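Given chain A, put chain B with the ligand in place with the hints provided.
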Amino acid sequence: MIEILGLPAASTFADDIDRVFTIIFVAVGFWFLLAEGVFFWLIFRFKKKDGVKAQYITGELKSEKRWITVPHNIILLFDIVIVVAAVQVWYDVKQDLPEEPDKQVVRVIAQQWAWTFVHPGPDGKLDTPDDIAKVNEMHVQADRLHHFQLESKDVIHSFSVPVFRLKQDVIPGRVITGWFTPTKTGTYDIQCTEICGVGHALMPAKIVIQTAAEHAEWVAKNSSVAVASAALR
Amino acid sequence: MHSHRSLVIAAACVALAAFVPRAALAADNPRGAELFELCTQCHGAAGEGNPMALAPSIAALPEWYVLNQLNHFRTGARGTHPEDVGGLRMYPMAMTLKTDEDTKAVAAYVAGLPPVRQTQTLSGGDPARGAQLYAVCTQCHGPNGAGNPAMQSPPIAGQADWYLLSSLQKFKAGTRGTYPNAAIMRGMAGTLPDEQAMKDVIAHILTLNANTAANAAQ
Ligand SMILES: [Cu+2]
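Protein chains in written order, with the numbering used here: chain A, 18 to 250; chain B, 846 to 1063.
Keep in mind the hints are simulated off the structure, nothing from the lab.
Values in this document were obtained by computation on a predicted structure and should not be read as measured data.
One or more hints might be untrue.
[Said to hold, decoys possible] As a list, the in silico SDA-like pairs of lysine to any residue whose alpha-carbon atoms are at most 20 Å apart: (1) Lys-142(A) - Pro-927(B); (2) Lys-170(A) - Thr-920(B); (3) Lys-170(A) - Thr-1020(B); (4) Lys-238(A) - Thr-145(A).
[To be verified] Cβ pair distances, simulated, as ranges: (5) Thr-944(B) - Pro-25(A): 31 to 37 Å; (6) Thr-944(B) - Asp-160(A): 42 to 48 Å; (7) Thr-944(B) - Trp-48(A): 46 to 52 Å.
[Said to hold, decoys possible] Which chain B residues stay away from chain A? Per the calculated CB distances, all over 10 Å, these: (8) Ala-871; (9) Ala-872; (10) Pro-875; (11) Glu-908; (12) Asp-947; (13) Gly-957; (14) Thr-966; (15) Ala-973; (16) Thr-983; (17) Gly-992; (18) Ala-995; (19) Ser-1011; (20) Asn-1026.
Idealized CB from N, CA, C, for every residue including glycine.
Just chain A, same shape as in the assembly (with noise of 0.2 Å):
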């Protein structure tokens, strides 16, 4: 439903997310209007009249009290249905960290205004002089499962990709390790989704998904140059 209002949906959990986001937007709505139309229903229905005096009600009676309890039970049952909807999607993205032999682990760091992304040159492996640090600037290849370790250099931050569904809270002394696996090759937005200061709106980024091949290039290219700056230091 996203999808259809703009949004790619990027990343091999984002269908899920949507799913759930779908099902809360209908229960929901269709629960909305129904009570908005009983509301405005009772307002015409029982309007001033002529000659009509208005009556106190207490709400005790049964017949009262259904108002309540009847909408109340539809409520918690709706809310069964949501968080069973919900849980296994919550426990795919966020508890469960899958593992493959070749996934990339990319580091992201946050800071007040702007995001710093340590990619893994062609060792494969981070800490080590061929990483390529890129400032506001994610590359990831398409159908590679990534793994992201979020720091702070400060305050919290959240690290949110919308064409993947995904969003992530950033504390500072804390590593917080997460997943994705994309699915498109394109270049979207990355933001930061935790108010973190004066410059909170100024901090965006963008991912560029690539082909394997792509990707591949961009690494041999910007690795010897960060071995090369490296050197000279």
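Showing chain B with the ligand alone in chain A's frame:
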């Protein structure tokens, strides 16, 4: 009671002294004053700087220098290195300056702010050794640290010591920026072998601050 009142009067005088020139400045340059509101978040209402925000004192810096640096930030020639934490804070702020006119206006406003005396935060520097090390600096920054617009070298006397240290470290590490003077300063900062040498030369620059203040008072 009496000392209380004189304290209040003294505080009011200080506040007024800081406020009056700013009011006049704002009347001359309303656009600059408006844009400066954002700067105050980190650099303070008087442009006095705030080490907690990694924001140096900018009040009374020469207009050409502020303009140059703002343009470096705007083009990404400064403040885009992953290890330049303070610069990365300034870079998005400078990006809010959409036109050259706005950049000039805020630079003029900052340059017009009265200088703010900086408190010493570093210790352990040897000014005598620093005076010797300072010899290479004099070519561009002058014997009094007053700077030289012809060489695009800013005044360094009067700047906060913590900012001088972090700048020397960034120049030396090559994280300050990609603009030409940053490359020159990388070579110059490279003549300082370690942090102690940097502290020594800064201790010498602090004595220049005192001289500058004394000169101004006379
Ligand atoms: Cu943020």
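Comparing the hints with the structure gives:
In summary, the hint linking Lys-142(A) to Pro-927(B) is supported, as the alpha carbons are separated by about 19 Å, within the 20 Å threshold. For the hint linking Lys-170(A) to Thr-920(B), the alpha-carbon distance of about 24 Å lies beyond 20 Å, and the restraint is violated. For the hint pairing Lys-170(A) with Thr-1020(B), the CA-to-CA distance comes to about 17 Å; that is within 20 Å, so the pair holds. The hinted pair formed by Lys-238(A) and Thr-145(A) meets the criterion: a straight-line CA distance of about 16 Å does not exceed 20 Å.
Checking the proposed 31 to 37 Å range against Thr-944(B) and Pro-25(A) shows it holds: the Cβ atoms sit about 34 Å from each other. The beta-carbon spacing between Thr-944(B) and Asp-160(A), approximately 44 Å, falls within the hinted interval of 42 to 48 Å. Evaluation of the 46 to 52 Å hint for Thr-944(B) and Trp-48(A) yields a pass: the beta carbon distance comes to about 51 Å. Every CB of chain A is more than 10 Å from the CB of Ala-871(B) (nearest about 21 Å), matching its label as outside the interface.
No Cβ of chain A approaches the Cβ of Ala-872(B) within 10 Å, the least distance being about 26 Å, so the stated non-interface status holds. At the 10 Å boundary, the C-beta of Pro-875(B) stays outside the reach of chain A, the nearest C-beta of that chain being 21 Å off. Interface exclusion of Glu-908(B) from chain A stands, the closest Cβ pair being 24 Å apart, more than 10 Å. With 10 Å as the threshold on Cβ separation, the claim that Asp-947(B) sits away from chain A holds: the shortest Cβ distance comes to roughly 16 Å.
At roughly 23 Å, the least C-beta separation between Gly-957(B) and chain A is larger than 10 Å, which holds for a residue marked as non-interface. At roughly 19 Å from the closest C-beta of chain A, the C-beta of Thr-966(B) stays outside 10 Å, upholding its exclusion from the interface. Even its closest Cβ contact with chain A, about 31 Å, leaves Ala-973(B) beyond 10 Å, as expected for a residue assigned away from the interface. Look at Thr-983(B): its CB is around 27 Å from the nearest CB on chain A, clear of 10 Å, so calling it non-interface holds up.
With 10 Å as the threshold on Cβ separation, the claim that Gly-992(B) sits away from chain A holds: the shortest Cβ distance comes to roughly 28 Å. Every CB of chain A is more than 10 Å from the CB of Ala-995(B) (nearest about 29 Å), matching its label as outside the interface. Look at Ser-1011(B): its CB is around 15 Å from the nearest CB on chain A, clear of 10 Å, so calling it non-interface holds up. Every CB of chain A lies more than 10 Å from the CB of Asn-1026(B), the least distance being 18 Å, so the non-interface label holds.
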